[in-house]
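Visitor: What follows is each chain in one-letter form.
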Amino acid sequence: MKKVTNPEMLMVAHAAFKKQLDDKFNSKTGKRAIVICGGTGCLSSDSTVLKERFEKVLKDKGLDGIISVNMVGCFGFCSQGPFVKVYPEDTLYRKVKVSDVEKIIEEDFINHGIVEDLLYVDPITHEKIKKMEDINFYKKQKRIALYGCSVIDPENIEEAIGYGSFQALDKALHMDRQEVINMILDSGLRGRGGGGFPTGRKWQFAYNQESDEKYVVCNGDEGDPGAFMDRSILEGNPLSVIEGMMIAGYAIGAKEGYFYVRAEYPVAVNRLNIAIKQAREVGLLGNNILGTDFCFDVHLRLGAGAFVCGEETALLNSIEGQRGMPRPRPPFPAVKGLWGKPTIVNNVETLACVPYIVREGVEAFTKYGTEKSKGTKVFALGGKVNNVGLVEIPMGTTIRELVYDIAGGIPGNKNFKAIQTGGPSGGCLTEEHLDTPIDFDNLVALGSMMGSGGAIVMDEDNCMVDVAKFYMEFICDESCGKCTPCRIGTKRILEILTKITNGEGELSDLDRLEELAEVTKNGSLCALGQTAANPIISTLKRFRDEYVEHIVNKTCPAHVCKNLISYHVDPDLCKKCSKCARNCPVNCITGVPGKETYKIDTTACVRCGTCLSACPFHAIYKK
Amino acid sequence: MKLQEHAIKEIKEIVAQFINEPTPLMMILSAVQTKFGYIPMEAQELISEETGISVAEIYGVVTFYSFFSLKPKGKYIIGVCLGTACYVKNSQQVIDKFCQLLGIQPGETTADGMFTIDALRCIGACALAPAVRVNEKVYPQVRVEDVEKIIDACEKMEAEKNEKGN
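Residue numbers (the working numbering), protein chains in the order written: chain G, 1 to 623; chain Z, 1 to 166.
Simulated from the structure, these hints should not be mistaken for laboratory data.
It is possible that part of the hints are untrue.
[As the list claims (entries may be wrong)] Listed next, the in silico SDA-like pairs over lysine to any residue satisfying Cα-Cα at most 25 angstroms (straight line): (1) LYS277(G) x ASP96(Z); (2) LYS622(G) x PRO571(G); (3) LYS562(G) x PRO24(Z); (4) LYS137(Z) x ARG323(G); (5) LYS35(Z) x LYS255(G); (6) LYS576(G) x VAL606(G); (7) LYS491(G) x GLN92(Z); (8) LYS521(G) x ARG544(G); (9) LYS499(G) x CYS574(G); (10) LYS623(G) x LYS521(G); (11) LYS562(G) x CYS574(G); (12) LYS137(Z) x ASP46(G); (13) LYS622(G) x LYS521(G); (14) LYS71(Z) x ARG53(G); (15) LYS28(G) x THR5(G); (16) LYS622(G) x ASP96(Z); (17) LYS35(Z) x PRO266(G); (18) LYS73(Z) x ARG323(G); (19) LYS336(G) x ASN90(Z); (20) LYS142(G) x THR292(G); (21) LYS255(G) x TRP339(G); (22) LYS623(G) x GLN93(Z); (23) LYS562(G) x LYS73(Z); (24) LYS97(G) x ARG32(G); (25) LYS579(G) x LYS71(Z); (26) LYS12(Z) x HIS299(G); (27) LYS482(G) x GLY107(Z).
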């Protein structure tokens, strides 16, 4: 690709590449296209092998000249991956295996039919659905932050430009810097990383600082276990984040930007590196961008596995080569940030929204959302739902719509128990909150938070005390140790929870938990400590009866806590096959094959559950 | 223990590659960790000599981040995801089974240097929950009864590699 050094050249390039994309999707040149999901989820299911197989078979059949094979970013509907989409018909095949490749080529491309058994089947109507937009999972979605993901090739800057990349930057460079900030202020964009602080105000603070050096930092240290939207954006359309960063840089007067991305995301890191390299090559990063005085370059730094580095000041310390421990605020990073210079730290999803707002206008963004939370939010749906994946929905969508319409409800006709939003810093919401419209303030009012958008659904088989313990283990591991209430408070809370799940708890422990939660919340420097006890507070409030059950009756109602359950054989179902006894690691199951039903010695049993999964007749149960 | 000649050379090269970056320590440590699989004290001393950063500070950083390791890891690093989505789908039982079969705890390496078990905090493959990653390969929807097969697969792979080597 040729260098793009002024707005006219960008216009020409955009028009040319847009035509190329249109031709690809609409088959104007008679060429058809296959796109394959290249997100981490699908790559783990061998979508690279799938691509190679398509290329090979097409070549062998002499079809490679008229059918192109492309890799794109995440489709979002991860539980149905890997996806293969065929243009121009727009047919979506799901759960495609390498062995399906020849069938698709034969039936779809040669015979112009459809491979029926690879289509998505609606779990309720049992209807086969051919197009992506007709699937319930996609119907209520609106892609703003995920713009371009699953459409363009993330490793090809030409496609990104054809799909609108750098249009917003061009527009911003023709505006006054304060006007750009006003636009973001008017859009009501709030930080998507957790706190929900108004992005425009952050920019304004940094703009107001007099300094010859300022920095924009993109926070891609997505630590919430169960959230992966930032990764998918970086994998699907990295240039949208780079462009957002450049607009921020122009607005506050920064010349350099730093990406801080988790090292656990190798695909995202690789694609970001490619995007940075390509943008430099065509002159869209570097000096005098688009013929203006604006100079900007970006650097990439990797995290090294510390959750606390998602906190902005800890992140800055990490970039500075130190232990990732938070700094006291004020001074805020906008005043004194990276290397002591004014710095704004914005999350990946936040920056990905910026080009959309600038390009399409404030109203195109504010028409979605609630009064105080504008636009859309990406959620990572996980846990006990039928449709696991990534969805971008307008703020104000209710939890019920999210869990039942989009995520398709709970598998196996089990009952909904709770949804945890905001990860380890959030809280759980129950049935009574299902009709709450999701936005920043509603979630906080209910004792949870938006966080980065993780949404984990739990059903009747999940023990809430165990879940609370899980989050506390995580926080305890990840507390950096700087503040005593967080370092020791979380440890003490974990000890009490362990005691309770072991069946050694006392009722007075619940008061102690509440007291510790309060101290940890009030006495910690950063958000990690301040929110550490949220899962405890919310489960204590909404599932107190489960705690009491563990303490008073020494039972775990969901049959999860190991010390409080025992395994038994149902003599009516036992077929005396001896499989349980043969699999038992401690030989505590006795019986005679074919003659005598088997019995478990509960005093010797180590409760490993091996027999339960080994029994072909479901004769073993937990009590 | 003394560092071998080639290791000294390689560490020096890594330092030289990043030394002109502002605050290069994290970048140097990441590169050394990736290259050697761990960062022993001797390597930290060498980095200290080359950069002028005190050993105490380097040691502080190395021990803060879970990616950096002071000890070598096994040939097969079994990472069991304990992210929330995997945890609510029983990944704790999966990691317990690995520990039971290999006789080690998370974070430890078997005496023969074959296996390390790591408890991972979300690899982002939530749709594949519970997920287990062995080196680069991700095993989706792992059940307790699959654990033995995964270990067997690694041992088979290693045997094949040794055969080829001989």
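Visitor: Evaluate each hint against the coordinates.
Guide: Here is how each hint holds up against the structure:
With a C-alpha separation of about 44 angstroms, the suggested pair LYS277(G) and ASP96(Z) falls outside the 25 angstroms cut-off, and the hint is violated. For the given pair, LYS622(G) sits about 14 angstroms from PRO571(G) by alpha-carbon distance, which is consistent with the 25 angstroms threshold. For the suggested pair LYS562(G) and PRO24(Z), the alpha carbons sit about 46 angstroms apart, so the restraint of at most 25 angstroms is broken. For the suggested pair LYS137(Z) and ARG323(G), the alpha carbons sit about 31 angstroms apart, so the restraint of at most 25 angstroms is broken.
Of the pairs offered as hints, the one joining LYS35(Z) and LYS255(G) is violated, with about 33 angstroms between alpha carbons and a cut-off of 25 angstroms exceeded. For the hint linking LYS576(G) to VAL606(G), the alpha-carbon distance of about 22 angstroms falls within 25 angstroms, and the restraint holds. Our distance criterion of 25 angstroms between C-alpha atoms is met by LYS491(G) and GLN92(Z), whose separation comes to about 20 angstroms. A distance of roughly 20 angstroms separates the Cα atoms of LYS521(G) and ARG544(G); the hinted pair therefore holds under the 25 angstroms criterion.
For the hint pairing LYS499(G) with CYS574(G), the CA-to-CA distance comes to about 35 angstroms; that exceeds 25 angstroms, so the pair is violated. Distance check on the hinted pair: LYS623(G) and LYS521(G) sit about 37 angstroms apart at the alpha-carbon level, beyond 25 angstroms; violated. About 23 angstroms separates the Cα atoms of LYS562(G) and CYS574(G), which keeps this hinted pair within 25 angstroms; it holds. At roughly 10 angstroms between alpha-carbon atoms, LYS137(Z) and ASP46(G) fall within 25 angstroms of each other, so this suggested pair holds.
Between LYS622(G) and LYS521(G) the CA atoms are separated by roughly 37 angstroms; this puts the pair beyond 25 angstroms, and the hint is violated. Note on LYS71(Z) and ARG53(G): the hinted pairing is violated, with a Cα-Cα distance of about 40 angstroms set against a maximum of 25 angstroms. Straight-line distance between C-alpha atoms of LYS28(G) and THR5(G) comes to about 30 angstroms, which puts the hinted pair past the 25 angstroms bound. Between LYS622(G) and ASP96(Z) the CA atoms are separated by roughly 18 angstroms; this keeps the pair inside 25 angstroms, and the hint holds.
At most 25 angstroms may separate the alpha-carbon atoms for a hinted pair to count; LYS35(Z) and PRO266(G) meet this at roughly 16 angstroms. With a C-alpha separation of about 23 angstroms, the suggested pairing of LYS73(Z) with ARG323(G) holds against the 25 angstroms cut-off. Between LYS336(G) and ASN90(Z) the alpha-carbon distance is near 44 angstroms, which puts this suggested pair outside the 25 angstroms criterion. A C-alpha spacing of about 34 angstroms is found between LYS142(G) and THR292(G), which places the hinted pair above 25 angstroms, so the restraint is violated.
Between LYS255(G) and TRP339(G) the alpha-carbon distance is near 14 angstroms, which keeps this suggested pair within the 25 angstroms criterion. Only pairs whose Cα atoms come within 25 angstroms are accepted, and LYS623(G) paired with GLN93(Z) is accepted, the gap being roughly 18 angstroms. This hinted pair does not check out: LYS562(G) and LYS73(Z) have alpha carbons roughly 30 angstroms apart, beyond 25 angstroms. Between LYS97(G) and ARG32(G) the alpha-carbon distance is near 21 angstroms, which keeps this suggested pair within the 25 angstroms criterion.
Proposed proximity of LYS579(G) and LYS71(Z) is contradicted: the alpha carbons are some 41 angstroms apart, above 25 angstroms. Annotation: proposed proximity of LYS12(Z) to HIS299(G) holds, straight-line Cα distance about 23 angstroms (limit 25 angstroms). Of the supplied pair hints, the one linking LYS482(G) and GLY107(Z) holds, its CA atoms being roughly 24 angstroms apart against a limit of 25 angstroms.
The structure fails hints 1, 3, 4, 5, 9, 10, 13, 14, 15, 19, 20, 23 and 25 (numbered hints given earlier, in ascending order).
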